[in-house]
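Asks: As a plain string of letters, each chain reads:
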Amino acid sequence: AQSVSQHNHHVILSEAASLELGCNYSYGGTVNLFWYVQYPGQHLQLLLKYFSGDPLVKGIKGFEAEFIKSKFSFNLRKPSVQWSDTAEYFCAVQNTGGFKTIFGAGTRLFVKA
Amino acid sequence: DSGVTQTPKHLITATGQRVTLRCSPRSGDLSVYWYQQSLDQGLQFLIQYYNGEERAKGNILERFSAQQFPDLHSELNLSSLELGDSALYFCASSSGQVGLTDTQYFGPGTRLTVL
Numbered sequence: 001a002q003s004v005s006q007h008n009h010h011v012i013l014s015e016a017a018s019l020e021l022g023c024n025y026s027y028g029g030t031v032n033l034f035w036y037v038q039y040p041g042q043h044l045q046l047l048l049k050y051f052s053g054d055p056l057v058k059g060i061k062g063f064e065a066e067f068i069k070s071k072f073s074f075n076l077r078k079p080s081v082q083w084s085d086t087a088e089y090f091c092a093v094q095n096t097g098g099f100k101t102i103f104g105a106g107t108r109l110f111v112k113a
Numbered sequence: 001d002s003g004v005t006q007t008p009k010h011l012i013t014a015t016g017q018r019v020t021l022r023c024s025p026r027s028g029d030l031s032v033y034w035y036q037q038s039l040d041q042g043l044q045f046l047i048q049y050y051n052g053e054e055r056a057k058g059n060i061l062e063r064f065s066a067q068q069f070p071d072l073h074s075e076l077n078l079s080s081l082e083l084g085d086s087a088l089y090f091c092a093s094s095s096g097q098v099g100l101t102d103t104q105y106f107g108p109g110t111r112l113t114v115l
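These protein sequences, in sequence, are chains A and B. Per this note's numbering, the very first residue in the first sequence carries number 1; after that it's consecutive. Per this note's numbering, the very first residue in the second sequence carries number 1; after that it's consecutive.
Read the hints as simulated data drawn from the structure, not as lab findings. Computed from a predicted structure; not experimentally measured. Warning: the hint list may mix true and false statements.
With a Cα cut of at most 27 Å, we get these calculated DSS-like pairs of lysine-lysine [unchecked claim]:
no. : chain 1 : residue 1 : chain 2 : residue 2
1   : A       : Lys71     : A       : Lys49
2   : A       : Lys71     : A       : Lys61
3   : A       : Lys69     : A       : Lys49
4   : A       : Lys71     : A       : Lys58
5   : A       : Lys49     : B       : Lys57
6   : A       : Lys69     : B       : Lys9
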């Protein structure tokens with residue numbers, strides 16, 4: 001069965017620190033991959049997505065993610081975080097048929113000013 | 001603004017009651033998804049509709065039901081409410097085109113409090 005694992009439930013960083021949030025999935029077929037962000041009190045917003053092509057995907061607000069097929073991973077990165085990046089981040093995996101999207105449990109990021 | 005609208009924003013009700021949450025998808029989207037988000041369970045997929053028909057089912061309780069109407073808006077009905085049903089309920093929409101990439105766009109959510 002499809003599953004998504006986000007290794008860190010809580011991450012605390014200081015401003016200007018680099019960020020990497022792990023996401024691993026389990027699915028035998030071809031997948032589409034997403035990262036969503038949920039700022040406090042708000043709804044989920046799409047940060048970036050990977051469908052095909054260059055495995056290094058750039059999203060909004062300086063975020064990027066790299067799809068490593070051999071490792072079934074799609075880790076989210078940002079070179080220098082800001083206080084405004086404090087939010088919960090969700091990784092999601094979708095089989096390319098588009099029928100089912102599975103979300104990870106989320107990682108809460110707190111950035112200290 | 002994602003283009004997905006949900007009403008009401010907040011709902012406070014008592015145990016045993018029944019409520020209806022409403023979602024209007026983005027213009028042109030045929031697929032609607034419902035999610036429940038709570039502190040202890042995280043983001044749980046409940047159900048998906050595509051062009052009026054149920055397409056996929058997740059962890060939806062039997063006390064909960066949903067439908068998608070001809071104008072593509074959707075309603076999630078929650079009955080015999082329990083304290084544990086208190087949560088944020090999100091609706092998302094997508095084009096729903098099978099075989100293509102299918103990005104979900106989320107609405108602002110309805111916060112349900114059961115007292």
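Asks: Each of the hints needs a verdict: does it hold here or not?
Replies: Structure-based check of all given hints:
Taking the CA atoms of Lys71 (chain A) and Lys49 (chain A), the gap is about 18 Å. The hint holds against a cut of 27 Å. Taking the CA atoms of Lys71 (chain A) and Lys61 (chain A), the gap is about 26 Å. The hint holds against a cut of 27 Å. Only pairs whose Cα atoms come within 27 Å are accepted, and Lys69 (chain A) paired with Lys49 (chain A) is accepted, the gap being roughly 15 Å. Straight-line distance between C-alpha atoms of Lys71 (chain A) and Lys58 (chain A) comes to about 20 Å, which keeps the hinted pair within the 27 Å bound.
Restraint check for Lys49 (chain A) and Lys57 (chain B): satisfied, since their Cα atoms lie roughly 24 Å apart, inside the 27 Å limit. As the CA atoms of Lys69 (chain A) and Lys9 (chain B) are separated by approximately 40 Å, the hinted pair breaks the 27 Å bound.
Going through the hint list in order, the structure does not satisfy hint 6, though it satisfies all others.
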